[in-house]
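All chains, full assembly: derive it from the sequences and hints.
Counted from 1, the sequence shown has number 632 at position 630 by the working numbering; the numbering is strictly sequential.
Honestly, the hints are just simulated from the structure, not real lab data. Hints may contain errors.
Listed below are the simulated DSS-like cross-link pairs for lysine-lysine, each with C-alpha atoms no more than 27 angstroms apart in a straight line [to be verified]:
#, residue 1, residue 2
1, K531, K370
2, K281, K328
3, K531, K622
4, K981, K668
Since the structure is predicted, the reported quantities are computational estimates derived from the model, not experimental observations.
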Amino acid sequence: MGATSSSGFYVSRAVALLLAGLAATLLLALAVLAALYGYRAGVPPSELRGLQVPDASSSTPGSQEEPPATPKPGSAREPSVTTTSGDWRPAGPWDQLRLPSWLVPLHYELELWPRLRPDELPESSLRFSGRVNITVRCTVATARLLLHSLFLDCERAEVRGPLSPGIRDATVRRVPVDDVWFALDMQYMVLELGEALQPGSRYELQLSFSGLVYQDTREGLFLNVYTDQGERRALLASQMEPTFARNVFPCFDEPALKATFNITVIHHPSYVALSNMPKLGQTEKEDVNGSKWTVTTFYTTPHMPTYLAAFAICDCDHVNRTERGKEIRIWARKDAIASGSANFALNITGPIFSFLEDLFNISYPLPKTDIIALPIFDNRAMENWGLLMFDESLLLLQPNDQLTEKKTLISCIISHEIGHQWFGNLVTMNWWNNIWLKEGFASYFELGVINYFNPKLPRNEVFFSNILHGVLNEDHALVSRAVSTKVENFTETSEINELFDLFTYNKGASMARMLSSFLKEHLFISALKSYLKTFSYSNAEQDDLWRHFQMAIDDQSKILLPATVKSIMDSWTHRSGFPVITLNVSTGAMKQEPFYIGKFKNQTLLTHNDTWIVPVLWIKNGATQSLVWLDKNSKVFPEMQVSDSDHDWVILNLNMTGYYRVNYDKLGWKKLNQQLEKDHKAIPVIHRLQLIDDAFSLSKNNYIEIETALDLTKYLAEEDEIIVWHAVLVNLVTRDLVSDVKNYDIYPLLKKYLLKRLNSIWNIYSTIIRDNVIALQDDYLALISLEKLFETACWLGLEDCLQLSKEFFRKWVNHPENEVPYLIKSVILCYGIALGSDKEWDFLLNIYTNTTEEEERIQLAYAMSCSKDPWILHRYMEYAITTSPFTFNGTNVIEIVAASEVGRYIVKDFLVNNWQAVGERYGTQSLVTLMYIIGRTISTDLQIVELQQFFNNMLEEHQRITVHAKLQTIKNENLKNKKRHARVAEWLRRNT
3 MGATSSSGFY
13 VSRAVALLLA
23 GLAATLLLAL
33 AVLAALYGYR
43 AGVPPSELRG
53 LQVPDASSST
63 PGSQEEPPAT
73 PKPGSAREPS
83 VTTTSGDWRP
93 AGPWDQLRLP
103 SWLVPLHYEL
113 ELWPRLRPDE
123 LPESSLRFSG
133 RVNITVRCTV
143 ATARLLLHSL
153 FLDCERAEVR
163 GPLSPGIRDA
173 TVRRVPVDDV
183 WFALDMQYMV
193 LELGEALQPG
203 SRYELQLSFS
213 GLVYQDTREG
223 LFLNVYTDQG
233 ERRALLASQM
243 EPTFARNVFP
253 CFDEPALKAT
263 FNITVIHHPS
273 YVALSNMPKL
283 GQTEKEDVNG
293 SKWTVTTFYT
303 TPHMPTYLAA
313 FAICDCDHVN
323 RTERGKEIRI
333 WARKDAIASG
343 SANFALNITG
353 PIFSFLEDLF
363 NISYPLPKTD
373 IIALPIFDNR
383 AMENWGLLMF
393 DESLLLLQPN
403 DQLTEKKTLI
413 SCIISHEIGH
423 QWFGNLVTMN
433 WWNNIWLKEG
443 FASYFELGVI
453 NYFNPKLPRN
463 EVFFSNILHG
473 VLNEDHALVS
483 RAVSTKVENF
493 TETSEINELF
503 DLFTYNKGAS
513 MARMLSSFLK
523 EHLFISALKS
533 YLKTFSYSNA
543 EQDDLWRHFQ
553 MAIDDQSKIL
563 LPATVKSIMD
573 SWTHRSGFPV
583 ITLNVSTGAM
593 KQEPFYIGKF
603 KNQTLLTHND
613 TWIVPVLWIK
623 NGATQSLVWL
633 DKNSKVFPEM
643 QVSDSDHDWV
653 ILNLNMTGYY
663 RVNYDKLGWK
673 KLNQQLEKDH
683 KAIPVIHRLQ
693 LIDDAFSLSK
703 NNYIEIETAL
713 DLTKYLAEED
723 EIIVWHAVLV
733 NLVTRDLVSD
743 VKNYDIYPLL
753 KKYLLKRLNS
763 IWNIYSTIIR
773 DNVIALQDDY
783 LALISLEKLF
793 ETACWLGLED
803 CLQLSKEFFR
813 KWVNHPENEV
823 PYLIKSVILC
833 YGIALGSDKE
843 WDFLLNIYTN
853 TTEEEERIQL
863 AYAMSCSKDP
873 WILHRYMEYA
883 ITTSPFTFNG
893 TNVIEIVAAS
903 EVGRYIVKDF
913 LVNNWQAVGE
923 RYGTQSLVTL
933 MYIIGRTIST
943 DLQIVELQQF
953 FNNMLEEHQR
963 ITVHAKLQTI
973 KNENLKNKKR
983 HARVAEWLRR
993 NT
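Put into structure tokens, the structure is as follows:
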């Protein structure tokens with residue numbers, strides 16, 4: 003970055019105060035308005051004024067900020083300072099979410115100087131300053147410049163140009179800047195110029211600014227304060243995606259506006275500075291107080307969007323290795339590095355890079371990769387080019403932590419973020435409405451990567467468990483989110499943040515998987531290679547992707563499609579929900595209809611334009627059949643008819659690669675049920691899983707009878723795949739059923755029915771748990787399924803489960819070094835307390851108070867609520883409201899107890915005398931939550947009235963108004979569940 007020119011301008015405090023005095027009433031209103039527009043609490047007044055320079059009188063003691071440049075006599079007048087809302091200014095481009103296309107950024111020279119010192123750790127926030135010179139190309143003559151800026155004080159603004167190659171900055175003429183103001187709504191900084199910039203010419207915007215780094219947010223620059231090696235420490239990191247680069251430096255903060263970056267970070271000499279590129283050099287700088295600072299510069303980045311710019315200033319250690327000549331470093335707390343917790347991530351990162359380089363035939367373009375484990379990153383990870391950031395819980399694996407699903411989870415997340423180096427970083431979506439182009443494909447390939455390195459991992463079952471199951475349960479015809487959204491649908495910046503959801507990631511991945519399934523993998527990868535190569539260092543729309551798939555189709559003749567790739571895939575990505583495909587096996591007639599939550603009759607009428615173009619891969623009697631397409635509301639496929647033979651059956655949606663659920667006529671379900679009872683192994687595991695999941699979902703939402711789904715469970719005594727059992731138990735032993743068992747006779751019936759069938763699967767895994775639990779370390783499906791199996795077995799009163807819980811708990815109490823297997827620890831602790839006395843409970847409380855790991859504390863807090871003794875639970879709640887708030891550190895013990903089997907009956911009595919203390923400790927909203935928890939089984943209006951009367955004095959007026967509707971919803975849902983449970987009970991009577 004070039005030296006600051008002395009011919010710039012700044013707005014002094016005197017000028018700002020003069021303006022404030024002339025318009026005090028206006029500024030007061032603006033401050034209120036700014037608060038309404040979402041400014042965080044505690045934003046300094048200068049940020050509401052928008053343009054100010056700190057002077058000696060405003061500097062904090064020990065401030066290292068350098069004096070601003072002073073305008074020369076005769077230089078251009080200082081611009082006025084204005085911060086406006088949409089109500090008080092004429093309509094203009096600042097009212098639009100997208101930047102006008104007047105300027106194209108080419109290069110950023112960025113310098114940041116956070117005042118982080120190891121001897122003065124901040125309590126909540128920290129000041130930083132910076133300078134940025136942005137080289138732009140003008141495309142339209144304009145005397146007004148718009149760029150993004152939020153929560154920043156702009157202290158100097160110049161525009162220089164037109165630029166010519168080889169001419170020094172000092173000799174380039176200055177374009178007069180008459181005014182600088184901020185449009186809060188769309189987060190713009192507006193520069194009003196004294197003359198227009200000329201199309202085709204290049205200019206340089208020179209801006210100096212300052213702002214605050216906060217500890218309680220993960221937007222822009224943020225702080226982590228943590229403990230390492232027994233000492234309190236701090237680090238600074240960045241999160242720019244999607245729209246937080248503007249919080250750090252004025253910029254053109256849209257994904258299509260790619261540029262190169264030269265980044266400089268000024269930091270305390272005891273810290274390490276990291277950025278996207280390798281370190282270029284270091285010098286020393288002295289501030290006005292004589293303190294020494296290190297100036298670290300980095301090599302120029304490739305063309306990239308602002309959301310990928312990344313910075314970290316830390317006192318961390320690292321481990322490193324080289325992969326194909328490029329260094330990979332994993333940074334983390336020194337304790338974590340010393341314990342070897344970063345080694346697993348280090349050992350898999352390089353091979354993942356190499357696999358994806360070979361798969362796409364495109365080398366990773368940066369010379370290094372740094373990955374930093376942040377103590378606090380809200381369970382996130384971010385793919386910044388060259389400097390990936392992870393919450394440490396998603397990156398670090400303790401060497402002895404083998405019996406959790408964490409190894410696979412870390413592998414998936416690392417694979418996902420490395421996948422972004424191609425999908426997102428190299429080729430970036432043109433705008434956020436097509437964010438699925440990066441998140442969906444990164445999610446799809448993460449499982450392909452780990453399957454490559456672990457071929458024994460059942461790919462289809464893992465995709466179902468990790469990705470497909472969750473989004474199918476959330477998606478439906480009336481949901482307002484399609485995978486790809488029209489740009490004009492966005493009116494506010496906050497709407498961009500909302501796109502990072504289950505539909506973008508999981509549905510996006512499911513779209514990619516479905517596309518791969520009907521194109522075949524080789525054609526799918528070939529098209530992606532072409533797409534990535536064509537748009538490298540550039541941006542793409544969804545239609546660009548479809549075009550490259552169409553080119554791959556047109557270059558061969560083996561795979562034929564009923565329509566263009568665009569027509570097929572647009573029918574999925576531009577629509578919310580998914581179809582239910584119903585096959586009549588007697589006639590071969592197939593139809594499609596939208597999936598609705600709680601469907602009612604005649605809700606499924608479709609027009610031709612509403613149909614999905616559905617690829618249907620299928621199997622008949624265990625043999626894979628040719629792909630067919632359902633591109634109309636209904637169609638007849640004679641080859642799908644089945645005969646009267648007991649061996650004749652059909653299953654649609656091979657490997658569950660299609661994004662839809664499947665229904666059959668009564669004969670179709672009957673045939674499948676007969677096959678399960680005769681030889682369930684003839685139906686692949688993924689399809690046994692599919693049949694259970696589809697049938698229970700369809701029955702819950704009125705597409706089929708509940709009895710049809712229950713019939714599929716008759717064969718379960720022979721089922722030895724724990725993932726199938728998991729699907730059954732998740733769908734059958736639901737939270738509402740557990741809550742309702744005291745009011746119906748369903749429990750003894752369910753107990754008898756399930757225990758008869760559970761024996762086989764229970765014996766398999768209880769033996770492994772007792773004799774050789776380490777054998778499960780690579781069985782991912784067991785690791786994610788066992789807890790539900792053990793929880794259900796103990797809930798049903800299986801004596802061996804209760805005995806095993808007592809054994810493990812007793813061994814742990816007597817010898818704490820004998821760790822309870824993590825995968826069933828929650829169940830063991832809960833039943834250890836439920837079957838024990840106050841002695842066991844006191845032991846667990848002691849463990850809790852001496853544990854700092856948050857996940858374990860939550861697990862222990864829930865376990866302590868499992869006691870069957872009312873006096874113990876009453877004492878537990880007393881502890882919660884009378885001991886120091888830090889004892890239970892944010893865990894709402896009262897809510898946990900209220901949700902427990904015994905606690906639900908004693909919490910009301912406890913609240914009679916303690917509701918004020920509960921409200922003070924946890925907030926009045928907690929009382930509302932408690933009302934819903936206690937009332938989770940209500941089914942009459944009288945119960946609602948009684949509950950409201952009980953809580954009446956505890957709630958504020960606005961809360962009383964809102965809870966009635968919520969309680970009515972709970973009541974209606976419970977009535978529906980009671981009818982369903984009654985039918986389940988009747989079926990169980992006939993089948994036990």
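Hint-by-hint comparison with the structure:
no., hint, in the structure
1, K531 x K370, "holds, 23 angstroms"
2, K281 x K328, "holds, 14 angstroms"
3, K531 x K622, "violated, 35 angstroms"
4, K981 x K668, "holds, 22 angstroms"
Violated hint: 3 only; the structure is consistent with all others.
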